[in-house]
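Line order of the protein sequences matches chains E and P.
Per the numbering used here, residue 1 is the first one in the first sequence, and the count goes up by one each step.
Per the numbering used here, residue 1 is the first one in the second sequence, and the count goes up by one each step.
Mixed in with the good hints, there may be bad ones.
[Stated by the list, open to error] Below, computed lysine-lysine pairings styled on BS3-like, alpha-carbon distance capped at 27 Å:
no.	chain 1	residue 1	chain 2	residue 2
1	E	K35	P	K21
2	P	K11	E	K28
3	E	K277	E	K96
4	E	K285	E	K96
5	P	K21	E	K28
6	E	K207	E	K277
7	P	K45	E	K96
8	E	K285	E	K35
9	E	K152	E	K207
10	E	K28	E	K96
Keep in mind the hints are simulated off the structure, nothing from the lab.
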Amino acid sequence: MSLAIDSLISDGSAESVKPSLVSQAMAKDYYELLKPRVMQLVIFTALVGMMTAREPINPVIGFASILAIAIGAGASGCLNMWYDATIDSLMERTAKRPIPSGAIAPGEALAFGMTLSVGSVLFLGLITNWYAAAFLAFTIFFYVVVYTMWLKHWTAQNIVIGGAAGAFPPMIGYMTVTGSMNIETLLQFLIIFIWTPPHFWALALVKSKDYARAGVPMLPVVAGEIETRRQILIYACVLMPIGMSPSLLGYVGPVYLAISTIFGAVMVWLAYDLFRKREGEPALKASYRLFGVSIIYLFVLFVALLVEEITPILAWRNFL
Amino acid sequence: MNDETYPTLAKLTPEELARQKSRSRALGLVLGALVVLFFVVTIAKLGGNVLNRPL
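So here's chain E without its partners, still in its complex pose (with noise of 0.2 Å):
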């Protein structure tokens, strides 16, 4: 175990491992704690709801919202982090985060994520609107509390009601513009909240061990492998026509139906295919697939919703 674990834990004896008192982080290391990969979807997330608002914004305002919320959605990575570090140490994939690896001490991290949780929090409220910074404050609430340390260590429906937390950027970034919500990025929300668990479950099946060592109840750790599989395979059946609602019921064009159908057909067949292979070789490279595809899955989904709204403002504007 890292010198940065050692101490988290030890009972301050004056014979336990002291930290260093220089620090040994370098720049990348904080950015690392912000889990840059979820402010990514989070950023193209929060920009599709806000560009479903179909109202005008001023760019300076817009780039600046999605900063903020990226930033608090990378606030909400590092607390994460902070409280997981222990679990973090013990998990093959997760060893070499900035705390189990001791680059950045726990109270580093906890004081970083801190600052940015309510800097991004005002930083919205003052230059959109206070409902958008509660939603904020909710989501990062939410993550952190309810997620990491409460349903994470409770129950193998931790990502199921916590995948809510990775949902909710649309809506922030679509009350940023008009302070309310709407239907359209309530089917947003559900697309990433149904998405969420054939995504994460096919990659806790490959990784079942790290979280059975670290004592994580995932699914596969407590139901089992094949009740996994065939709890994918319902998800996947779920979120096909979850993804192509907002075509269904009229809020974005053909093309985005087409591709939702297209893409919804890949994720059943990938869970059907996952769930028909349950040994060796042939289901790990199911599980890797299932797992890759889901990310381009999300990804072509909310590029085409962004198409979709996009064409009808170019078009008003004389550009197409």
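With chain E fixed as given, assemble chain P onto it according to the hints.
Only chain P this time, still in chain E's reference frame:
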């Protein structure tokens, strides 16, 4: 003056100095970017009224 009056400053290793430099540079860039961001956002929010502050 007695040298023992002052505590000895910690000597950083070259590796620690490089890390400190990396952090300082990043902090400087972030603070500079914040100055620009707050300025631009203020102008965007207030527009032509930025100097309109009746007493």
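Cross-check of the supplied hints:
For the hint linking E:K35 to P:K21, the alpha-carbon distance of about 23 Å falls within 27 Å, and the restraint holds. A hinted pair counts as satisfied when its Cα atoms are at most 27 Å apart, and P:K11 with E:K28 qualifies at roughly 24 Å. Simply put, E:K277 and E:K96 have alpha-carbon atoms about 31 Å apart, too far for the 27 Å limit, and the pair is violated. With a C-alpha separation of about 24 Å, the suggested pairing of E:K285 with E:K96 holds against the 27 Å cut-off.
A threshold of 27 Å between alpha carbons decides the hint, and for P:K21 with E:K28 the separation of about 12 Å falls inside it, so the pair holds. Of the supplied pair hints, the one linking E:K207 and E:K277 holds, its CA atoms being roughly 17 Å apart against a limit of 27 Å. Under the criterion of a C-alpha separation no larger than 27 Å, the hint pairing P:K45 with E:K96 is inconsistent with the structure, at around 42 Å. Taken as a hint, the E:K285 and E:K35 pair is honoured in the structure, with Cα atoms around 25 Å apart against an allowance of 27 Å.
A distance of roughly 15 Å separates the Cα atoms of E:K152 and E:K207; the hinted pair therefore holds under the 27 Å criterion. Proposed proximity of E:K28 and E:K96 is supported: the alpha carbons are some 13 Å apart, at most 27 Å.
Going down the numbered hints, you'll see the structure goes against 3 and 7, while the others check out.
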